[in-house]
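For reference, the chains in residue letters:
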Amino acid sequence: MSITEPAPKPYSRDWLLSDRPASRRQASLGRAYVVWRRFSENRLALLGLVIILALILTAAFADVLAPHNPLQGDLRNARLLPPGAEGYILGTDDQGRDILSRLIHGSRLTLLVVVLVAIIAAPVGLIVGTISGYAGGWVDAVLMRITDIFLAFPKLVLALALVAALGPGIENAILAIAVTSWPPYARIARAETMTFRNSEFISAVQLMGASPFRIVLRHVMPLCLSSLIVRVTLDMAGIILTAAGLGFLGLGAQPPLPEWGAMIASGRRFILDQWWVAAMPGFAILIVSLGFNLLGDGLRDALDPKEAGQ
Amino acid sequence: MALTDTSAVTRRNKRRVHPVASALLRFLVMAVTTLFGLLAVTFFIGRVIPIDPVLAIVGDRAPQHVVERIRLELGLDLPLYQQFWIYLKQVLSGDFGTSVLTTNPVLTDILRVFPATIELATIGTIIGAVLGIPLGVLAAVKRGSIADQVVRVIGLVGYSVPIFWLGLLALVLFYAKLGWVAYPGRMDIVYEYTFTPNSGFYLVDAILQREWAVVWDLFRHIILPGSLLGYFSLAYISRMTRSFMLNELAQEYIVAARAKGLSETRIIWFHALRNAAVPLVTVIALSYAGLLEGSVLTETIFSWPGLGLYITNSLQNADMNAVLGGTVVIGAVFVAINLLSDLLYRTLDPRTRSR
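Chains as they are written, first to last, in UniProt numbering: chain A, 1 to 310; chain B, 1 to 355.
Bound conformation, chain A alone (with noise of 0.2 Å):
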């Protein structure tokens, strides 16, 4: 144990698993590392991440992937081919559409929809969380209460309302998820900030000055990012559920936009002799929401190993 212990070479393993970081870059690059080892050990977790890494990549370049124009299909020709038939793997639909090449840009708005939903809901959860946590009081009790109205509604029924008030679309569509998803995100922000609204690094920055939006913006905030992080990549499978069903009901994307909800919607009258229109969208949805989920729960291990197995 001599103090002129040689110092790991940077960015090797034993650098990262420094007990002593010298910068704060090592100390949060060291943390990044057991946390993907953790979540490396597990498979489930692995194969969820490998599931959304190729929705994201199919998404971006789905013009160069998809054989096929998605939104013109070829009438006379290709109408209702089953799939394995020349030149579309996944079969035609009642357009002459390749329904792989529809899947393919199907995936652009999948991604739209959980991207912009998370994108919306999760600071809205964060600050009125946050805010919540740290002032406590009236304001809490005040905050927590619209928060609880909001987390009684049955999601899917408070999404179809507000789709027929404002008018059928994807972007009313993502609109209405998204006002139905943060509530949780607050309830979760606002624990993580009770538990550490009155530990001591926090009265550190209150001595220095510090305003109290201040102290929620750069002190507050950060620390709750990582269990939302996690429920909020658990909630991907149920947003695409939802838009899924929206667009199944014509509340979503409109034709001939190739989503995969109203994929299925189409394809539901041929669904006795053809059933391949419908069920490759199902098939679609039924993989990007498992890639979530198990990405979701492989993060929650990794993050939170208290939690682990429950």
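Certain hints may be false.
According to the in silico footprint, chain B covers these stretches of chain A (three or more CB under 8 Å from chain B) [as the list claims (entries may be wrong)]:
#1 59-67
#2 141-148
#3 152-158
#4 162-173
#5 244-256
#6 268-280
Hints listed in this document are in silico derivations from the structure and should not be mistaken for laboratory results. Positions of the beta carbon are idealized from the N, C-alpha and C atoms, including for glycine.
Got chain A sorted already, so can you dock chain B onto it with the hints?
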């Protein structure tokens, strides 16, 4: 100083209030404010968001005098808070307006269709609980085994699959290809004329009237959508059961029971499960509420004449009164179940009383 003293005294007095009474009070406050919030939101959706609420209610083909009459009836010339007050009074007296589609009062329609949804959700919850609890117990007892993994995957798929899609595939397989179940709907048309139910709960009525042919027919209709909802409830119930059981099995009284030489079966099913039962009641209640919502899409697939189908049909026809009426009813039932399960939990579990 005196001020803090009195507040401490009142706090101590508050703690002495009977736990059930305080739970009841909390329950009432929650119920009233949540219901108020629910109505505020539906009011907002129905009257504030649409550019012209009258148009949203009567459609664009209504003659001018109807439009004028509705406008006055809704009090659209009044300020918003007065409109909200009128809306509150109307809803609390059971007036949700008239459905454009059926021309009946919305409340009459809802009372007619709601029993079908309750019947479906009840069957779903029964299936989910009867299968989900043993699966969850099995997964917890054999933690980490193949059985545990299988239960986990069943649950995960249940969380990830679009219910309407699974319903469509199930219909193709079990109705069209195998012919095991009846076509979508609640009952064969033949029985529409021969069987007169006393209430909306056909299954109960048929059993009470000893119409076994009708019971069999109803069963053949309900089994597929019921199992489908049951699967979703199973996914949730088995996961929670596993979690509660793991929690119980790690307790010391289990070790004590083993040391006494009790059989493993007895320990698991009598000692551990009994203690896990209280939170499970809450979980089952919550999953029941979830199924009421899940029935919206399921009923659409199976042409089940319940509240979900009523709402989606009204949606397609821009029948805003009916949509909002259905939303309020589902929301209110949802809230009621949530609060009741909370109350039940507090009364059933002695541990929550000491706090």
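Going through the hints against the structure:
Check result for the stretch 59-67 of chain A against chain B: violated, 0 residues qualifying (beta carbon to beta carbon below 8 Å, three or more required). Only residues whose C-beta sits within less than 8 Å of a C-beta in chain B count toward coverage, and the stretch 141-148 of chain A has 3 of them, enough to reach three; the restraint holds. Proximity of the stretch 152-158 of chain A to chain B, defined as three or more residues with a beta carbon under 8 Å from a beta carbon of that chain, is established by the 7 residues found. Here the stretch 162-173 of chain A counts 4 residues with a CB under 8 Å from a CB of chain B, which clears the bar of 3, and the coverage holds.
With a cut-off of 8 Å between beta carbons, the stretch 244-256 of chain A has 6 residues touching chain B; three or more are needed, and the interface restraint holds. Coverage of the stretch 268-280 of chain A by chain B holds in this model, with 6 residues showing a Cβ closer than 8 Å to a Cβ of that chain against a need of three.
This entry does not satisfy hint 1, going by the numbered hints stated previously; all others are met.
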